[in-house]
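**Student:** The listed protein sequences correspond, in order, to chains Z and B. So the first sequence is residues 746 to 1015, counted in my numbering. So the second sequence is residues 1384 to 1922, counted in my numbering.
To be clear, the hints were calculated from the coordinates, so they are not data collected in a lab. Keep in mind that a hint or two might mislead.
[What the hints assert, rightly or not] Simulated DEER-style distance windows between Cβ atoms:
id: 1; chain 1: Z; residue 1: E894; chain 2: B; residue 2: Q1595; range: 37 to 45 Å
id: 2; chain 1: Z; residue 1: A888; chain 2: B; residue 2: L1448; range: 49 to 57 Å
id: 3; chain 1: B; residue 1: L1667; chain 2: Z; residue 2: G932; range: 26 to 34 Å
id: 4; chain 1: B; residue 1: L1667; chain 2: Z; residue 2: E894; range: 37 to 45 Å
id: 5; chain 1: B; residue 1: R1823; chain 2: Z; residue 2: G932; range: 36 to 44 Å
id: 6; chain 1: B; residue 1: R1880; chain 2: Z; residue 2: T922; range: 56 to 64 Å
id: 7; chain 1: Z; residue 1: T825; chain 2: B; residue 2: E1466; range: 52 to 60 Å
id: 8; chain 1: Z; residue 1: E858; chain 2: B; residue 2: R1823; range: 41 to 49 Å
id: 9; chain 1: B; residue 1: D1861; chain 2: Z; residue 2: S977; range: 52 to 60 Å
id: 10; chain 1: Z; residue 1: P976; chain 2: B; residue 2: G1424; range: 45 to 53 Å
[To be verified] Dumping the calculated DSS-like pairs for lysine-lysine here, alpha-carbon to alpha-carbon at most 27 Å:
id: 11; chain 1: B; residue 1: K1822; chain 2: B; residue 2: K1627
id: 12; chain 1: Z; residue 1: K899; chain 2: B; residue 2: K1475
id: 13; chain 1: B; residue 1: K1875; chain 2: B; residue 2: K1886
id: 14; chain 1: Z; residue 1: K808; chain 2: Z; residue 2: K859
id: 15; chain 1: B; residue 1: K1822; chain 2: B; residue 2: K1875
id: 16; chain 1: Z; residue 1: K925; chain 2: B; residue 2: K1886
id: 17; chain 1: B; residue 1: K1653; chain 2: Z; residue 2: K1013
id: 18; chain 1: B; residue 1: K1426; chain 2: B; residue 2: K1627
id: 19; chain 1: B; residue 1: K1753; chain 2: B; residue 2: K1822
id: 20; chain 1: B; residue 1: K1653; chain 2: B; residue 2: K1475
id: 21; chain 1: B; residue 1: K1753; chain 2: B; residue 2: K1653
id: 22; chain 1: B; residue 1: K1867; chain 2: Z; residue 2: K1013
id: 23; chain 1: Z; residue 1: K1013; chain 2: B; residue 2: K1627
id: 24; chain 1: B; residue 1: K1831; chain 2: B; residue 2: K1867
id: 25; chain 1: Z; residue 1: K860; chain 2: B; residue 2: K1875
id: 26; chain 1: B; residue 1: K1796; chain 2: Z; residue 2: K859
id: 27; chain 1: Z; residue 1: K1013; chain 2: Z; residue 2: K925
id: 28; chain 1: B; residue 1: K1867; chain 2: B; residue 2: K1627
id: 29; chain 1: B; residue 1: K1831; chain 2: B; residue 2: K1796
id: 30; chain 1: B; residue 1: K1867; chain 2: B; residue 2: K1830
id: 31; chain 1: B; residue 1: K1426; chain 2: Z; residue 2: K1013
id: 32; chain 1: B; residue 1: K1475; chain 2: B; residue 2: K1830
id: 33; chain 1: B; residue 1: K1421; chain 2: B; residue 2: K1627
id: 34; chain 1: B; residue 1: K1796; chain 2: B; residue 2: K1529
[As the list claims (entries may be wrong)] Take a look, some chain B residues computed to stay more than 12 Å from chain Z by CB distance:
id: 35; residue: R1500
id: 36; residue: P1648
id: 37; residue: K1875
Please read all numbers here as calculations on a predicted model, not as lab measurements. From the three backbone atoms N, C-alpha and C, an ideal C-beta is built for every residue, glycine too.
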Amino acid sequence: MTSISTPKQSGGRKTGRRGPLASVALIAIGLLFTGGAYAAFSTSTASAETTAASQQTVGEGQKLFAANCATCHGLAAEGTGSGPSLIGVGAAAVDFQVGTGRMPMQINGPQAEKKAVQFTEEQTAALAAYVASLAPGPSLPDASLLDGEGDAAKGAELFRINCAMCHNVAGAGGALTQGKYAPALSGVNEVHIYEAMVTGPQNMPVFNDMNISPESKRDIITYLKYLDNNPSPGGFALGALGPVSEGLFLWIFGLGSIVALTVWITAKSN
Amino acid sequence: MSTATTTTELVETKKSGGLTGAAANYIDERTSISTAVKELGRKIFPDHWSFLLGEVALYSFVIILLSGSFLTFFFHASMTPVEYDGSYMPLKGVEMSAAMASSLDISFDIRGGLLMRQVHHWAALLFVAAIGLHMLRIYFTGAFRKPRELNWVIGFILFILAMAEGFTGYSLPDDLLSGNGLRIIDGMVKGIPVVGTWISFLLFGGEFPGEQIVGRLYSLHILLLPAIIVALIAMHLLFVVVHKHTQYPGAGRTNQNVVGYPVLPVYAAKAGGFFFIVFGIVMLMASLFTINPIWNYGPYDPSPVSAGTQPDWYIGFADGALRLIPPGLEFVWLDRTWSFNILIPLVALGLFILVVLIYPFIEAWVTGDKREHHILDRPRNAPTRTAIGAAGVTFYAALWATASSDIIATHFKVTMEGVIHTMQFMVIVGPFIAFFVTKRICLALQKKDREIVLHGYESGRIVRLPGGEYIEVHQPVDEYERWKLVSYNDYKPLMIRPNANGKITVGQKARAGLSRWFFEDRIEPVSSTELERTHGDHH
C-alpha cells in the first residue's frame, strides 16, 4: 500500500535500516490507507452521490490514473486522439471497465477484450472515485439491486426485448459488425451487468433509469443469474448457440456414429 | 428375376413342425402368405455400409412417427393467448399462445415429455441428414441411372417433403426462434412481386403473425405431409424391390445378378437390429443433449429478434442465400417495390432444386445411354458426373455455412463482413474450383488404376540388376481386384447426326456439345487385348 503508482504492487515487507518507530508508523499508515480505501468503496456503493469519496482516495486515484490511463485518456481525463474523455462517465463506468480487466486496454482492436483484472479492488475504487470526482455520472449500484432476488420472468422478458438481439436469448453472445461482438453473459458479476446497462460500454447502448428502471435491471440480473445457476433442463446445452451447434452435433456425432456402426454391421466376418 | 448367386441360403425344411408348423399352415391356408414370404424372404441384398443410409432415414422416420404421436396427445395447436402457469419459473405469468404453453408443459410437467420432444427433434434432424447422405451415395455411384430415374425423383421429393415437415414442426411451439423463422418466410413470400402480399395474407389468415398459422401448420405437419411421405416411402421401397438393389463392381457381380444375403434370415436380423441401434443413438442424444430449448427463447413476439437466430440445419442453405445477397437490390419501379434481394435467392435455389430433381434425365440425354445399369460406378469412373456433384456440394455447403456467418465470426474471431465476402466468393467461384479439382483427381485415379492393371502394383522390393541398375519389382494384381478396376462403362462423345429430314437441329447441337464436355477427357478401361499384350512381355 505504500507505493500506489504502479498496479498490483503491494507493500511487501521492507528490509533495511529503520528505527522501530518507523515500522510502527509504516503499519499505521498502511492500515489507514486500506481502511480509507474500504471506506471510500463502501460509501460510494452505498450512496447515489458521486463525490462522496474522501479527498485522499481521489488523490490516490488521480496518481493511478496519471500513471496508467492518462496516455490515452489525457492527464485530466479530457480525452485524446487515442481514447475518449472520461469526464462524466461516472464511477460505474470505471468499475466496469477496470473491474472486468477491459481497461487498461492491452492492444488496439475492434473492441477492448475482457482479460485478467489489472488492479486491486482498492485501486479500482480509487480510480473510480477520481473519475467520479471530475463530473457527476452513474455511480456504483446499490447492493440491494444486485441480490438476484427479483422477478426472473419479468427479467427474462425484458432481456429478450432489450438485450437478446446482440447477446442471444440465452446470453451466449453474438456477432456485431467489423469484428466487434456482444460478449457472452454467463458468469458475469452482478455489479458488472448492472454497470454495463447504465454506462453502455463500447458498442453497447446505455439503458438509463428512464429506459429500464433499477428494479427492472434487478429483474434482468435475476434472470441471468437463474441461467447461470440452473443448468439446461434438457442436458448439455451445446453452448446455447441454437440450431447451428445442434446441426453440427447431429452431423458429426449423430450421423458420424451411425455411419461408423453401418461399417461395423456390414464388415465381413473373419 | 434375381438369379441369386448367394452362398448362404438357409432353407430349413421341417416336415413335422409341431405347433409352429400348424399355426403357419393355418395362416398360409387362409392368406397364401407363403408366396409373399418366399418371394420377399429370398430377396437378395448386397452388403455395403453405404447401402444402409436409406435405412437410417427410414428408421428415423419411424422414430419420428412414434415420438410425434406421443407429442400430439399433449400439444394444443392454438394461438389463443394464455398466461403460463407451469413449473418453469422464468416464464411464470408470461402471456403466450396455448401452443407455446402446451409445449412448455410437455417439457416440464408431463412425465417423459421433454425426452420425447428431444427424441422427436433429434430424430428429425437425423432424418433429413440421413436422406442427404443417402442421396449423395446414390448420386456419386450413378445409382439413379436407368431404370431408377423415377425413384431418384421420388426420393428427392421425399427430401423436400422432409424439409417441409421439419420446418412446419419447428414452427409449431410458437416460440421466439420459430416465430423469427416464420417472419423470414413471410418476408420471402411478400417479396414476390404482385401476388406476394396476397399470398402472405392468405397463408397467415391476415396480417402476420395472426392467430391461424400454428393450427394450419399443425394440420400439414401431422396429417397431410406425413400421409404423402408414407405413400412415397412405400413407392420408393416398392421400386427398390422391383428394380433389385444395385451393387458395386466386383468379381462375380454382373448386371444380371445380385450378390449378397437373402432377407430371411440374415438381412432381416441385421436390419431389425440396426433399427434398435439407430433408435439407441437417437435416445442417447435426446437424453444427454438439449435441443431447441424453447424455454430460453420464450413466447413469440414480433419485436425481439435474438442474436444467433438460425433455422434447423436443413433450411440453412436458404437462410445463407438470403445473407449473401449484397445490399441495394431493392427498388421501386412501376409504383411497386421489386425485391431482388429476395427474388434472386428464390430463383437461384429454385433452379438448383430443379436441376437436382431432373439430373438423371439430363445425364441420360447427354450420354444417350438407354441401357439398364445395376452395377454402380466407382465415382472416379464417371469424372464429369463426380465433378458436377462436387460443384453442387460446394455450392450447397457454402450456402449452408453462411447461415451461421455470425457464429463463425464470433467463434473464429473474424469479422462478419469478412465471412460474408469469403462465402460470396465460395458460392460463386467455389463450385468451379471444385469441378476442376475433382475432375482432375478422378482422371488421375483412373490413370493410376490403369497403371496398376497393366503393370501391377509397387511391391516395395528393390532389386539390383547385374548391370548395376535398380528396379522396383511390380506385382500383378489378383483377378478379383482386376475385375473391379477394369469393369466400367466407357462413353464417347455423341456424334452429330442429321435427323430424318437431313437437318441438324439446335437440340442436336446442344446435345453433342454437352456430350463432348462430358466425355472429352476420359481414360478408357483396360481392354482384354491390352492385358494380354502386357502379359506377353512378362516382367
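**Student:** Work down the list of hints and note, for each, if the structure agrees.
**Tutor:** Right, here's what the structure says about each hint:
1. Checked against the hint of 37 to 45 Å, the pair Z:E894 and B:Q1595 passes, with Cβ atoms roughly 41 Å apart.
2. Range check, Z:A888 to B:L1448: Cβ separation about 55 Å, and the 49 to 57 Å hint holds.
3. Judged by the Cβ atoms, the range 26 to 34 Å given for B:L1667 and Z:G932 holds: they are separated by roughly 29 Å.
4. For B:L1667 and Z:E894, the Cβ-Cβ distance of about 38 Å falls inside the hinted range of 37 to 45 Å, so the restraint holds.
5. The hint said 36 to 44 Å for the Cβ distance between B:R1823 and Z:G932, and at roughly 51 Å that hint is violated.
6. Here the CB-CB span from B:R1880 to Z:T922 is close to 60 Å, well matched to the stated 56 to 64 Å.
7. A hinted range of 52 to 60 Å holds for the C-beta pair Z:T825 and B:E1466, which are about 54 Å apart.
8. Checked against the hint of 41 to 49 Å, the pair Z:E858 and B:R1823 passes, with Cβ atoms roughly 44 Å apart.
9. Our hint of 52 to 60 Å for B:D1861 and Z:S977 holds, since their Cβ atoms are close to 56 Å apart.
10. Between Z:P976 and B:G1424 the C-beta distance comes to about 50 Å, which sits within the given range of 45 to 53 Å.
11. About 30 Å separates the Cα atoms of B:K1822 and B:K1627, which puts this hinted pair outside 27 Å; it is violated.
12. Annotation: proposed proximity of Z:K899 to B:K1475 holds, straight-line Cα distance about 9 Å (limit 27 Å).
13. Between B:K1875 and B:K1886 the alpha-carbon distance is near 22 Å, which keeps this suggested pair within the 27 Å criterion.
14. Restraint check for Z:K808 and Z:K859: satisfied, since their Cα atoms lie roughly 24 Å apart, inside the 27 Å limit.
15. At most 27 Å may separate the alpha-carbon atoms for a hinted pair to count; B:K1822 and B:K1875 meet this at roughly 17 Å.
16. Using a Cα cut-off of 27 Å, the hinted pair Z:K925 and B:K1886 is violated, with the two alpha carbons roughly 65 Å apart.
17. As the CA atoms of B:K1653 and Z:K1013 are separated by approximately 13 Å, the hinted pair is consistent with the 27 Å bound.
18. Under the criterion of a C-alpha separation no larger than 27 Å, the hint pairing B:K1426 with B:K1627 is consistent with the structure, at around 8 Å.
19. The straight-line distance between the Cα atoms of B:K1753 and B:K1822 is roughly 24 Å, inside the 27 Å bound, and the hint therefore holds.
20. In summary, the hint linking B:K1653 to B:K1475 is not supported, as the alpha carbons are separated by about 49 Å, beyond the 27 Å threshold.
21. Between the alpha carbons of B:K1753 and B:K1653 the distance comes to roughly 35 Å, so the proposed pair goes past 27 Å and is violated.
22. About 18 Å separates the Cα atoms of B:K1867 and Z:K1013, which keeps this hinted pair within 27 Å; it holds.
23. Between the alpha carbons of Z:K1013 and B:K1627 the distance comes to roughly 22 Å, so the proposed pair stays at or under 27 Å and holds.
24. Taking the CA atoms of B:K1831 and B:K1867, the gap is near 13 Å; set against the 27 Å cutoff, the hint holds.
25. Taken as a hint, the Z:K860 and B:K1875 pair is broken in the structure, with Cα atoms around 65 Å apart against an allowance of 27 Å.
26. With a CA separation close to 14 Å, the supplied pair B:K1796 and Z:K859 stays within the 27 Å bound.
27. Between the alpha carbons of Z:K1013 and Z:K925 the distance comes to roughly 54 Å, so the proposed pair goes past 27 Å and is violated.
28. Distance check on the hinted pair: B:K1867 and B:K1627 sit about 21 Å apart at the alpha-carbon level, within 27 Å; holds.
29. Proposed proximity of B:K1831 and B:K1796 is contradicted: the alpha carbons are some 42 Å apart, above 27 Å.
30. A distance of roughly 14 Å separates the Cα atoms of B:K1867 and B:K1830; the hinted pair therefore holds under the 27 Å criterion.
31. Of the supplied pair hints, the one linking B:K1426 and Z:K1013 holds, its CA atoms being roughly 20 Å apart against a limit of 27 Å.
32. Under the criterion of a C-alpha separation no larger than 27 Å, the hint pairing B:K1475 with B:K1830 is inconsistent with the structure, at around 69 Å.
33. For the hint linking B:K1421 to B:K1627, the alpha-carbon distance of about 16 Å falls within 27 Å, and the restraint holds.
34. At roughly 49 Å between alpha-carbon atoms, B:K1796 and B:K1529 are farther apart than 27 Å, so this suggested pair is violated.
35. A cut-off of 12 Å between C-beta atoms contradicts the statement that B:R1500 is not in contact with chain Z; the least separation is 8 Å.
36. For B:P1648, the non-interface assignment is confirmed: its Cβ lies about 15 Å from the closest Cβ of chain Z, beyond the 12 Å cut-off.
37. Residue placement check: B:K1875 keeps its beta carbon more than 12 Å from all beta carbons of chain Z (closest about 36 Å).
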